[in-house]
Amino acid sequence: MKLVAPLNAFGRADLAMAGGKGANLGELVRHGFPVPDGFVITTHAYELVARDRDTREHFESVEPPEELREAITGAYATLGGGPVAVRSSATAEDLPGAAFAGQQDTYLNVVGEDALLDAVRRCWGSLWTDRAVSYRARLRLDDSEVRIAVVVQRMVEAETAGVMFTANPVTGDREQFVVDAGRGLGEAVVSGLVTPDHYVLRPSGEVVEFTPGRGEVVVRSAAGGGVVHESAAETAGSPAGAQADTRTGGAAGARAERGPVEGTAALLSDEVLRELAGLGRRVAEAFGRPQDIEWAYVAGRLHLLQARPMTALPPPPVGPLDGIRRRTAEVLLEYVPVRPYPMDMSSWLPDGPAGQMSKVFAAYGIRNPIHNALQEEDGVVYRIEPVKPSLTPRVLTAPFRALAKAWRYDPARWTEDPRFQAYLRDVDQLRARDVGTMPWKELRQVPRQALGLVDPIADLRIDYLPGVGVALLRLMLALAPLGRGKLFRELMLGARTRTDDANRALERLAETARRTGALEAEQPPAEFAAQLADFMAEYGHRETTSPILISSPTWEDAPEVVLDLVGVLAAAPPKEREKQPGRPLSSPRLARRVAAAHDGMAFREDSHFFFMLPAPLMRRALLEMGRRLTGARLLDHSEDVFHLRLEELEALSGTDDPAAARLRDLVRRRASKREELSGVRLIDPAAVHPVTDPGPALLTGTAAGGGTATGPVKVIASVAEFGRLESGDVLVCPYTNPSWTPLFQRAAAVVVDTGGAASHAAIVAREYGIPAVMGTGRGTSVLEDGLVVTVNGDNGTVTATP
68 MKLVAPLNAF
78 GRADLAMAGG
88 KGANLGELVR
98 HGFPVPDGFV
108 ITTHAYELVA
118 RDRDTREHFE
128 SVEPPEELRE
138 AITGAYATLG
148 GGPVAVRSSA
158 TAEDLPGAAF
168 AGQQDTYLNV
178 VGEDALLDAV
188 RRCWGSLWTD
198 RAVSYRARLR
208 LDDSEVRIAV
218 VVQRMVEAET
228 AGVMFTANPV
238 TGDREQFVVD
248 AGRGLGEAVV
258 SGLVTPDHYV
268 LRPSGEVVEF
278 TPGRGEVVVR
288 SAAGGGVVHE
298 SAAETAGSPA
308 GAQADTRTGG
318 AAGARAERGP
328 VEGTAALLSD
338 EVLRELAGLG
348 RRVAEAFGRP
358 QDIEWAYVAG
368 RLHLLQARPM
378 TALPPPPVGP
388 LDGIRRRTAE
398 VLLEYVPVRP
408 YPMDMSSWLP
418 DGPAGQMSKV
428 FAAYGIRNPI
438 HNALQEEDGV
448 VYRIEPVKPS
458 LTPRVLTAPF
468 RALAKAWRYD
478 PARWTEDPRF
488 QAYLRDVDQL
498 RARDVGTMPW
508 KELRQVPRQA
518 LGLVDPIADL
528 RIDYLPGVGV
538 ALLRLMLALA
548 PLGRGKLFRE
558 LMLGARTRTD
568 DANRALERLA
578 ETARRTGALE
588 AEQPPAEFAA
598 QLADFMAEYG
608 HRETTSPILI
618 SSPTWEDAPE
628 VVLDLVGVLA
638 AAPPKEREKQ
648 PGRPLSSPRL
658 ARRVAAAHDG
668 MAFREDSHFF
678 FMLPAPLMRR
688 ALLEMGRRLT
698 GARLLDHSED
708 VFHLRLEELE
718 ALSGTDDPAA
728 ARLRDLVRRR
738 ASKREELSGV
748 RLIDPAAVHP
758 VTDPGPALLT
768 GTAAGGGTAT
778 GPVKVIASVA
788 EFGRLESGDV
798 LVCPYTNPSW
808 TPLFQRAAAV
818 VVDTGGAASH
828 AAIVAREYGI
838 PAVMGTGRGT
848 SVLEDGLVVT
858 VNGDNGTVTA
868 TP
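According to this note's numbering, the sequence shown holds residues 68 to 869 in order.
Read the hints as simulated data drawn from the structure, not as lab findings.
List time: in silico DSBU-like cross-link candidates among lysine-lysine, alpha-carbon distance up to 35 Å: (1) K472 x K426; (2) K455 x K472; (3) K455 x K426; (4) K508 x K426.
Modelling step: build the complete structure from the supplied sequences, incorporating the hints.
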C-alpha cells in the first residue's frame, strides 16, 4: 500500500490513489510535459490518519504515524528540500462535470519539514470545510466515498503566471485559446485578485484579441515561507519590481514585445504565446477534451502546474444558419426550453409527439429528425445543432397524395374516425391500471405501452393535415382578389379548440374561487374542490413546460401550477375577447371557407391536446419504478429515474437485479454533468434570432399582432412563477406553450424570447387582443421587473415609456 510516491508513478487510472489533481499531473509527467518535480501523499495515507477519528474537525492537530511522517519527510528530502507548493487532490475533483476549483486548500512557498506536515494536515482538513461539503452535496457526491491525497511540488518562483483555456470559455469556440496572465505567482490570477492581461489566441498561437491588465496586485514568495501581496505601486517602486518590469514576457530576460494594441506592453511575447498554445494543444489531445491549465513562466521556461477538464463549457458556435435551419432551431427552442434528460431522449422525445411528427413528414418525403439535432455528451444533452431536413423520392408524389387525402379526410370530422375512438378506449384501459400494485415485470412494460398508444395520432395527422392546408390555402385565395389579405389573421380568430376550452374552464374555476373564497380557506369549499377535480380529470394531462419531454410534470403532477393560474385569474375581472370582424362574412361562400379554416386550426390544436393523454400514464409508471429503486437504495430520489435511459430500466429484472447496482453511479455522473451545464445554453439565442439594431427601442422581435399596450414588465421564467403576474403586467417569458396562455387573460402584452407569429402564444394573444412580440431572443435578459414599456405587436418593438 503506497503512502507516498513520485508524480511519475501515477496516471489517469490512479484517481482513487492520487486524487484528481495528482492523477492528472502524473499523466502530464508521463507525456513529457514540463511539470515541476514532486510527489503525492496518497489517499491511503489519508485513510491511515482518518481511520480511527470520530470527528473531522481536528485534522490540523493530528500527528501522522511515524511511518507516514518518515515517508513524507523522506520524499521531501529527495526533492531537495526548500520551498514547495502543497495542493489538495480529492478523488472527486478535476473530473468532467466536477472541477472542484477552489474547494480544497493550496499552500504556497512551504519551507521545512514541520511546515510541510502542517500544510498536509490542513489539506486533509479542507475536505470537510462547509464550502467543500456543500459543493459535493450539490453534485450529489457521497461524502463517504470521497478521499483526499496531497500533491507536493517544487515551488516555481514565477515571473509571470496564469491560466490557459484550450477553448473559449465564453463562446465555446474550440478554435480559440484564452490566456490570462499576471506578474508574480499565479495565485493573483486564479483568485481574481488582479485584472490580468487577457489574450485570445488561435491554436497556432496567433493573437486574435488582447486586453491589457491593470496589475493591481502581485503575489510573491516571502522569505522564510508563505506569500506576500504587493500593490502595483509597491511593485513599481521596488528594485524587484523594476527588475520584473524588464524580465516579464519575452524570451530569457528580453523586454516584453509590444502587444496587438499599439502602444500597450504585453506581459507575454509572441514567442511565449506560441509555446503556450503548443503545450495547450498537446495537453488537450492527451486528455481528449478541452483543458483548464495553470502555468508559470520563469527564466525563459514554461512550467505546467495543473490541468483539468474545462467545465460549464458552452457548445461550439453553430455558425450562420440558413432560413430552414433557423426555423428548425426556432421550433426546437420553443419545444425544448429546458435541457432534456436521458429518459426524454430515449422515450417520449423520439416516440412521442415530436417523433410522430417526424413520421408525418416522412410520409410526405421529408426527413426531419428533430431528436438528432439534440447532441449528447457523457450521456447528457449538450447542445442543439439544427439539422436541415432532407428530401426522399416520396416528395415527388407528395402533392398528389396530399390532395387525395384532403378530398377524403375532412378535419371537421376527425374525432369521428374509428381510429381516434379506439385510441381513446386504449388510453382509458391503460389509465385504469394501478401501477402501484404491479409486479416489476409488468410495470417495466407500461412506458412502451404508453408510447405505443400515440401511433394512431400520427396516422390521423398524416391523413387530416392535408385538409388543413387546403382549407387555409382556399381562404387566402378567396381573400386575395378582394384586397383583404391582411384580414386573414383576424379571420382566423375564434376557432374553438381544446386549449380555448381549458382556458374558459379556468375562468369558471377562478369565478368560483372569487365567490367562495376558496384560495384563502384552509379547507377549500366542496363546490370548488369538486370543480377542480373535474377540471383535472379533463385537462390534467396538459404539459407545464414542454409537450415533448416526459420529465416535465403535467398539470396533474403539479396542481400548484393550476392553483397559481386560478389565483391570477381570480384577482381581477376577465378580459373581453377580441371581436371578429363581420363584413367579410356577409358572403356565404367566404363564411364556409372561414369555418373550414377554423376546423383545420382546431384539428392542429386538438390533435396535440389528445396526443398528450398517455404522458401522465407513462410518467406515473416511470416514477413508480424510481420510487422502488429509491426504496432499494439504488437511487436517492424517485425523480432520479429521469437520469436513466428507458432501455436501461427495461433491462432490469427487478430491484434485486445485480445489474441495478451500477445505476447509482451512473445517475450521479449524469446528474453531475447536468449540474455543470446548468448555466450553459443549448444554443446561442443570437444565432437563432440575430440581434439587430433596435434603434430607439429596447429590443425587437417578430410582430405577432394585437396593436400596442403599455405596462410594467414582469419577467416570468417558469411555470413556478405564474403566481407573480398581476393584471396589467407585460408578461415577459423565455418560452410559452398552451399552459401559459391563461395568463394572457390578465396580461397587457406578451414578449417572448422564442416563437413566431404562428406559435400558440401568438395565436392566443391575438384571441385576447393583446400585443405580442415573439422571437426577441433576449427579452428576459434585457427587460427587468417594474420597467414600464410599450409593446407594439404590429411592428415587433418594445420601447421604454417615461
